[in-house]
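J.: Using the hints, position chains V, C and G against chain A.
Protein chains: 4
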Amino acid sequence: MAKLWGSRFKKKTNSLVEKFSSSIGYDYKLAKYDVLASIAQAQMLGKARIISVRDSARIVQALRVMLKQIEQGSFVFDKKAEDVHTNIQNALKKKIGQVAKKLHTARSRNDLVATDLRMYAKEEIRNQKSKIKYLQLVLVEFAKKNIKVIIPGFTHLQHAQAISLAHQLLAYVEMLERDQQRLSDAYKRCDVLPLGSAALAGTTLPINRNYLAKLLGFSKVSANSIDAVSDRDFVLEILSALSILSMHLSRMAEDFILWASPEFGLLELDESFCTGSSLMPQKRNPDVLELIRANAGTVYGNLLALLTTFKGLPLSYNRDMQLDKPAFFNSLESLSAGLEVFSELVKCCGINSNQALMLSSDELLCATDLVDYLVRKGVAFQEAHKIVGKIVAFTQERKLFLSEIPPEKWKQFSGRFEKDVYGLLNAQASVEAKRSFGGTCLVNIKRELSNWKKRLKK
Amino acid sequence: MAKLWGSRFKKKTNSLVEKFSSSIGYDYKLAKYDVLASIAQAQMLGKARIISVRDSARIVQALRVMLKQIEQGSFVFDKKAEDVHTNIQNALKKKIGQVAKKLHTARSRNDLVATDLRMYAKEEIRNQKSKIKYLQLVLVEFAKKNIKVIIPGFTHLQHAQAISLAHQLLAYVEMLERDQQRLSDAYKRCDVLPLGSAALAGTTLPINRNYLAKLLGFSKVSANSIDAVSDRDFVLEILSALSILSMHLSRMAEDFILWASPEFGLLELDESFCTGSSLMPQKRNPDVLELIRANAGTVYGNLLALLTTFKGLPLSYNRDMQLDKPAFFNSLESLSAGLEVFSELVKCCGINSNQALMLSSDELLCATDLVDYLVRKGVAFQEAHKIVGKIVAFTQERKLFLSEIPPEKWKQFSGRFEKDVYGLLNAQASVEAKRSFGGTCLVNIKRELSNWKKRLKK
Amino acid sequence: MAKLWGSRFKKKTNSLVEKFSSSIGYDYKLAKYDVLASIAQAQMLGKARIISVRDSARIVQALRVMLKQIEQGSFVFDKKAEDVHTNIQNALKKKIGQVAKKLHTARSRNDLVATDLRMYAKEEIRNQKSKIKYLQLVLVEFAKKNIKVIIPGFTHLQHAQAISLAHQLLAYVEMLERDQQRLSDAYKRCDVLPLGSAALAGTTLPINRNYLAKLLGFSKVSANSIDAVSDRDFVLEILSALSILSMHLSRMAEDFILWASPEFGLLELDESFCTGSSLMPQKRNPDVLELIRANAGTVYGNLLALLTTFKGLPLSYNRDMQLDKPAFFNSLESLSAGLEVFSELVKCCGINSNQALMLSSDELLCATDLVDYLVRKGVAFQEAHKIVGKIVAFTQERKLFLSEIPPEKWKQFSGRFEKDVYGLLNAQASVEAKRSFGGTCLVNIKRELSNWKKRLKK
Amino acid sequence: MAKLWGSRFKKKTNSLVEKFSSSIGYDYKLAKYDVLASIAQAQMLGKARIISVRDSARIVQALRVMLKQIEQGSFVFDKKAEDVHTNIQNALKKKIGQVAKKLHTARSRNDLVATDLRMYAKEEIRNQKSKIKYLQLVLVEFAKKNIKVIIPGFTHLQHAQAISLAHQLLAYVEMLERDQQRLSDAYKRCDVLPLGSAALAGTTLPINRNYLAKLLGFSKVSANSIDAVSDRDFVLEILSALSILSMHLSRMAEDFILWASPEFGLLELDESFCTGSSLMPQKRNPDVLELIRANAGTVYGNLLALLTTFKGLPLSYNRDMQLDKPAFFNSLESLSAGLEVFSELVKCCGINSNQALMLSSDELLCATDLVDYLVRKGVAFQEAHKIVGKIVAFTQERKLFLSEIPPEKWKQFSGRFEKDVYGLLNAQASVEAKRSFGGTCLVNIKRELSNWKKRLKK
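Protein chains in written order, with this note's numbering: chain A, 9 to 466; chain V, 9 to 466; chain C, 9 to 466; chain G, 9 to 466.
Read the hints as simulated data drawn from the structure, not as lab findings. Be careful, since some hints might not be right.
Each computed EDC-like pair below joins lysine to aspartate or glutamate, with the alpha-carbon atoms no more than 16 Å apart [unchecked claim]:
1) LYS462/G x GLU149/G
2) LYS228/V x GLU185/A
3) LYS228/A x GLU185/V
One chain only, chain A, in its complex shape (with noise of 0.2 Å):
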């Protein structure tokens, strides 16, 4: 199979060596990019005049060619030619003949390579913050849908205070749009141009990286050639940010396999969204949100594959590096299924609005209402919280409800109390108290929903 380097060599490569370090079964995924990159290096060396511009042009037009097959799937990739690269080469000797060989002139696989992968990390942001942006925008539908839905809020997994479900549907929203600015922030550092770094060092050939830049839509051009052959920081921040949303995905998705449970029964997944059971008839299985979940154990793992391979390696490149391609490759893919699956399932979610009247009916959950109660007549914070504290355990010890306290006993606890202590005794006037910025009452929610849909439409 014809190489890209073999000339120097006496012998055949070891054909187990061919297979352990063959990367076609991969990187095939960037040809779009090796060709649109050659293409942009034809163009500049032809109008650098490094190669003549008849040749410029003979190779732009096959390479145009090689583009709308790959882009229409029916490129054929040789797995015998190690790499993406060596497969564009040869396929365009292939059609052109000699003058194929003046394309890699002026430029290095370390420095294609680096291009081809920040393209693709371009184009990929992209397209996951559309993917979250889209689920953002579910998830505020949702909320909208069941905006007077109460639920008990939720801390240690025992019941805390009585929240809107719209309200920490929305908490899910900030933590998606936080993970939509670390892609962004990612971005400002894919969008540098490596290409005419050549192996390391640069070239003695008069290139013009400033004119590739352009026609590969890059806002800047590395300064510095060794740097930019060596490293992929950018890769590992983008997998950061990815394991950060993953995390995030994971926890809306225990949430929602928690809520969709027999004995919360909050939720109710739609039957297009659940699998059975090989030997148990009954089961409507979550199986969707638990691979959501487990998705967060493959982006770490990629994530630290990555980590790991890049520490201590010396400047400037190594071939450990090609490992970065499929780690990177299966956690955005992971990702992309991911987050378009949860927001399809939540378009189809019900919520079963009488268990969560019968959740949120629990008294307790205004527990803190009485101490604020108590705080506003005047009550040190730290007497009121232990004044109901020993309510608490008092209707504990005898089984009572909160509201089944007669107004004497009440008194007797703290002098404070009026009857007017019975109308903070359910979930609705708990919620509607949250007047704080950021609480859990309607108007707030409302603000905010209405917010996001302006954020979102953009």
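T.: Chains V, C and G alone, transformed into the frame defined by chain A:
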């Protein structure tokens, strides 16, 4: 030990539980921020008339005294009080009695610890950035001092092309610059105030969160109380940025360790930065560099610990989250120390320029220049690569230097070779010829050195 | 500060370096083993006449005094002496003067620290194993106490089939048993003496390593001196076993947290193992279980830290290896505490048997029994599965219980259904019918309980 | 597409869900084991008269045909059928119609996949062990061939003491031996049959699990059905062992890469195991070794992925567990290929013995021998260390070799020095003098080589 929550409990907490769940062993590091946040809280409570102005003033005054003690290291932490918040609260009560019980109004430890941690994170980002900048400056100085030194550039730890030593040092500076940017971007996401989110739902009391933000120097107020107490993505983002930074440092350390080995012999570590052996009296070991390299493992481990911990946690606060602190603190401290000692080490390093000359006299470093020579004369790149490959093979079989090939032999390999080819066969010429933007020639280096000096002086 | 290696150095070590590379902050935990190894070394040196018998005796005697001080906690470590070995050596010199200089003969810190660490590891494995065994015993007791309790068994957090609570508890016991086995297997590989390997090459002095092994209780002597000082795979293996153990504990903790939620309501945590909220007076939080769950993150992080640290390290000893200790110690301490508190927690747990009865009254838990019923009557399994699937769908559309289906309707679904089908529709019958080996019926549980009691009493 | 569970569902599964949750893309690798387990199941069902002997025979016969197709690679997998079990079941039904519906009796995919995976794991452990053994053998041969070669032994990548090259190669053999042992120990825990645990609770049908175990070659039958379907600790244990193995390989690769650099110049890689550069015609790169080093990252990543995935999963089976397979398969395949190519590479390696001689002529490698010399003459070790330290410093200031110090100068440093000191100053003498057990002298090496040959030939 007085707790912040014991009122409804009949039984004493099991002593194993107290020990197992205590965090004062590490969260005492947040004391300063806990007091600052408490001062702001008391001021806000007073201003909003939730507590009296007089009570507010007394609390603030006492807390200011405590702040001074903490800053001076004279505050005594009580290891039996479970966490930093309890320590501060108990100390306040000791100081001013009953009125202390009003401080914890309209807040919870959930939003308080999130606030403390964000304040800590903001200060630490500033600290890390200034240490990175200092290392960049030191590297720029080191590059300037050795601006004439030429070394072999490596790919695959094999000789690739001659490069300027300064060029490689500036590659590290570029990497560190991106590390700075990542921390700056993370800063934006730290700079959001959670205080006032209370346990998870907001509060019924008329707090003023914008005023709190102003007092505490936060640019934004969190818009969702559940999100505010549930998420620690800002910690994970910082740990990600630090992991990438530690990866960069590990690569620099590796290069330095290699260069300091007797076989490379390029770098002379100052004796004050070496350690010896208890058995082998001749040893001069680069332990500092090895520990910097190893720190990458530590920081990665901390990142993965927290990613794992947060995977699949239901909203909102869970006690698991307490373990964000040791991993976070440890990473920041490791890197802070590593950056500091690395800077000092570089300041004392010497370059063995004779050895640099000797290693870069390897004429094969110029093979690519021969290819470019032929390309400039119209030979197709891959043709030229092949010709030079044969020349290299020829010299290796005969154990010749390239410069020992007689003129007529060059002509045999390609008619384009003229006598000027001998002028290409030295490292200095090779370096000087790499004039493409980002390439290793002196003029580029000088421009970059001057740019960096300006940027870093800001 | 006296160092073990300074003789050839003209310059003082930089103070930042001293601080950065100091390990006494954590390796003081090895002091006991360092002294024990030193006693054995001195005895061997004397016996081999490498030092005089008298010198040997004086060293041994002084070290024994120090050992006692260490065990009593009265030994004062000097934080300025870089590591535990230097501390011991300096203290010895202070005690007995010049003769102390003979102790470090024919050894190096490289083989000494490996010896200390293996001794520590062996003791810690025994400690962890005994704590695991205790937790197993507690689980067996808890299972026995609640042997009649039937709960829904879950797959995908959905009701699957009725199971005995004891059966699930015994599943944990099985997991913990394998954790024990893994530690025992790791022990074999710890139990090899490196002492006498010196720095890396062995020694020219006539030492007796078998005698050392006998004195220190090692079963084997390492056969390759380079391997002995270079590798820490025994640490990694233990950390792997602990990671798996912590994973198991995190799953138990998760189950317990779920069961203790108000929605499940199965498990009653004793108040002495709960914590409260600084804001919400009603809270009873399972913090201990959450921290046990979070410990998995900590231990994984430590494992990955060390795997990363050792990746790509050239032989033999490198200073990077110093960082094996904090990660190792921290993991052992976390798990030791976690196992201990978990055992105590389980001992105080109650089961809400009414709630268990209520939850397991879900007749769908018996759907698989209906399938088996048909299979026993000759229906092909997949046919039977399909029939029961239809029955389930039928009941859900009509919101019926299975037991509300009239006999003739059963017949319509399959002619094989007789009246005895109603007898299948309760959790107890379902559990009792699972008589396959390993299945959840009472007779199996009793046999296993009795087996475990015997095995664990050993 | 026919599913194993669709009967109660009214709606079709969403197509995104089918794609997202499909595992046939990787679990087809279990097909052989799935069929073997199914054959055993059918035989057992027949023998236990749960299905008729005739049905059993027909199923077995058809499965045997499928087994052959799978082994020959002619079985066609249907990518639309969600997993390997569905593929096998559907193919069986196509072959033999209705009777196929009886195969899945008294089992579930939960116990089936656990069985398949354990069978796969057992075979793969045997495979890995045989590849490790082969690499050990190759290293032993390589050591034997170069038994006279002496090189500098390194600590901290600085010259420490002269060692036999064979000694370092045998250090790797020792490490690999422990890797083998760890896999053997993991094997014991894989060798337990889960089949017959059904979904999680066992079955009501009179199955014979011991017979299944006998047919499938398992030594034990799992004693708890919940444990059997819930846990994958055997996968995690193997991945841990493989992570440690990959760490060892990364260290060997690092040493080889260093030795093959022009600066070290010790190792000559065969051209057939090197690759070139698309730009630099002179390059001969050790890509294979770099990829082996990088594989550590891949395997660690897979380990972390699964540790994370299992963290905090409630019992029993959850769909998250499906992702055990890609991570497991990928690790085994990476290491299998890595071990194979590493062995072949070593077989073709040459040692540059002139360079070895040159590097080990560094007299400082003998400094420790001077210390031992003094110790043998009665000088206290630390005294001797100090004296030799001064001698080293003396030679370095004056740029002298140790052998250039005149006799009288030696005397000045210590009266114990006699003329025989010059005899110590060569690497060969130094190596020969390390006669302690495990030390680097030739006699030890020869004994170890012969021991290893015997052990590995078994």
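J.: Of the numbered hints stated earlier in the document, which are not met by this structure?
T.: none
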